[in-house]
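Visitor: Chain by chain, the residues:
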Amino acid sequence: MRSLQYLTLASAAALAAAFALVFAYAPMDADQGLIQKIFYLHVPLAIVTLCGFIAGGLMGIKYLRTGDRRWDVRSYVAIHISIVFAVAVLATGSIWARAAWGHWWVWDEPTLVSFLIIFLLYCCYQPLRFSIEDPERQARYAAVFSVIAGAFVPLNFVAVRLAQAFTHPRVLSATGGNMPGSMRLTFVAAIGAIALLYITLWRIEIASKETSGELRRLRRRLAEAAS
Amino acid sequence: MPMHEAIKYVLGAYLVFAVLLVTYGVIMAKHTARARKELASVNNALHKERR
Chain A
1 MRSLQYLTLA
11 SAAALAAAFA
21 LVFAYAPMDA
31 DQGLIQKIFY
41 LHVPLAIVTL
51 CGFIAGGLMG
61 IKYLRTGDRR
71 WDVRSYVAIH
81 ISIVFAVAVL
91 ATGSIWARAA
101 WGHWWVWDEP
111 TLVSFLIIFL
121 LYCCYQPLRF
131 SIEDPERQAR
141 YAAVFSVIAG
151 AFVPLNFVAV
161 RLAQAFTHPR
171 VLSATGGNMP
181 GSMRLTFVAA
191 IGAIALLYIT
201 LWRIEIASKE
211 TSGELRRLRR
221 RLAEAAS
Chain B
1001 MPMHEAIKYV
1011 LGAYLVFAVL
1021 LVTYGVIMAK
1031 HTARARKELA
1041 SVNNALHKER
1051 R
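Protein sequence lines correspond, in order, to chains A and B.
Per our numbering, residue 1 is the first one in the first sequence, and the count goes up by one each step.
Per our numbering, residue 1001 is the first one in the second sequence, and the count goes up by one each step.
For the record, the hints were derived by calculation from the structure and aren't laboratory data.
Everything numeric in this text was worked out from a predicted model, so none of it was measured.
We put the beta carbon where it would ideally sit given N, CA and C, even for glycine.
Hints may contain errors.
No more than 25 Å apart at the CA atoms, straight line, and that leaves these computed lysine-lysine pairs for DSS-like [to be verified]:
id : chain 1 : residue 1 : chain 2 : residue 2
1  : A       : K62       : A       : K209
2  : A       : K209      : B       : K1030
3  : B       : K1037     : A       : K209
Not everything, but these chain B residues come out facing chain A in the computed CB check (under 8 Å) [unchecked claim]:
id : residue
4  : M1001
5  : Y1009
6  : V1010
7  : T1032
Modelling step: build the complete structure from the supplied sequences, incorporating the hints.
Guide: This is the structure in structure tokens:
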């Protein structure tokens, strides 16, 4: 419990430091001006979201190999938080697109559409999971879904990079997106802070789920003892 | 884009993130409160059982 408190404090401090770097240290972009500051929120969120989906798949594999229900819960929570982050990615991306390109959404841009496809794919995860009553089957089907969808994420990323992009800029390139040192440092700090936030939320939700599970078991035992 | 226009977009993006984070925090706090309540009732039931 104490480690969770420290982790929460650390992620709050990291977020505050990253945002301070964004607005006080990183130089104003010559082309986009102030609106480029959205980049330090939107791109780290997108990277962490996709990594979270992949992590969910890896935890799904772990569940399928061991049959340990804790891995199923971990996978479920990783995907759940990634979906919340994905909503933030889509919202911040749309705001940035409106400011930079004059449109809330561009349908012929592979990066945007592919992210939307991944988001919609994962939106099916929870309905699929909770449509199965038997807990064993539920966990197994959810794990299989998380593995297949998790494998789709990097495949999709590569496919998009091979496609001819029109408007969306490339950040993860051999030239590092041509960012000057101060921008790169701010970007790395923002990724670190968002990743730490993700881990913190994941740990908090896992702790909450474990407590609920423990309580259910206690109630069952009490009911058995009473009867 | 003029500065006063750009500020609205940047503020909007960061606010969306903050609102999502706060909403998530409120939902988690509600879960925790419910778990605490349940724990108290289980504790009560245990005490009664022992008596």
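Visitor: So, for every hint listed, does it hold in this structure?
Guide: Results of checking the hints against the structure:
For the hint pairing K62 of chain A with K209 of chain A, the CA-to-CA distance comes to about 19 Å; that is within 25 Å, so the pair holds. For the given pair, K209 of chain A sits about 13 Å from K1030 of chain B by alpha-carbon distance, which is consistent with the 25 Å threshold. Proposed proximity of K1037 of chain B and K209 of chain A is supported: the alpha carbons are some 15 Å apart, at most 25 Å. At a threshold of 8 Å, the smallest CB-CB gap from M1001 of chain B to chain A is about 6 Å, leaving the interface hint in force.
Of the supplied interface hints, the one on Y1009 of chain B holds, with its beta-carbon coming within about 4 Å of a beta-carbon of chain A, less than 8 Å. Interface restraint check: V1010 of chain B against chain A, minimum CB-CB distance 5 Å, threshold 8 Å, status holds. The beta carbon of T1032 of chain B comes within 6 Å of a beta carbon in chain A, closer than 8 Å, and the hint placing it at the interface holds.
Of the numbered hints stated above, none is contradicted by the structure.
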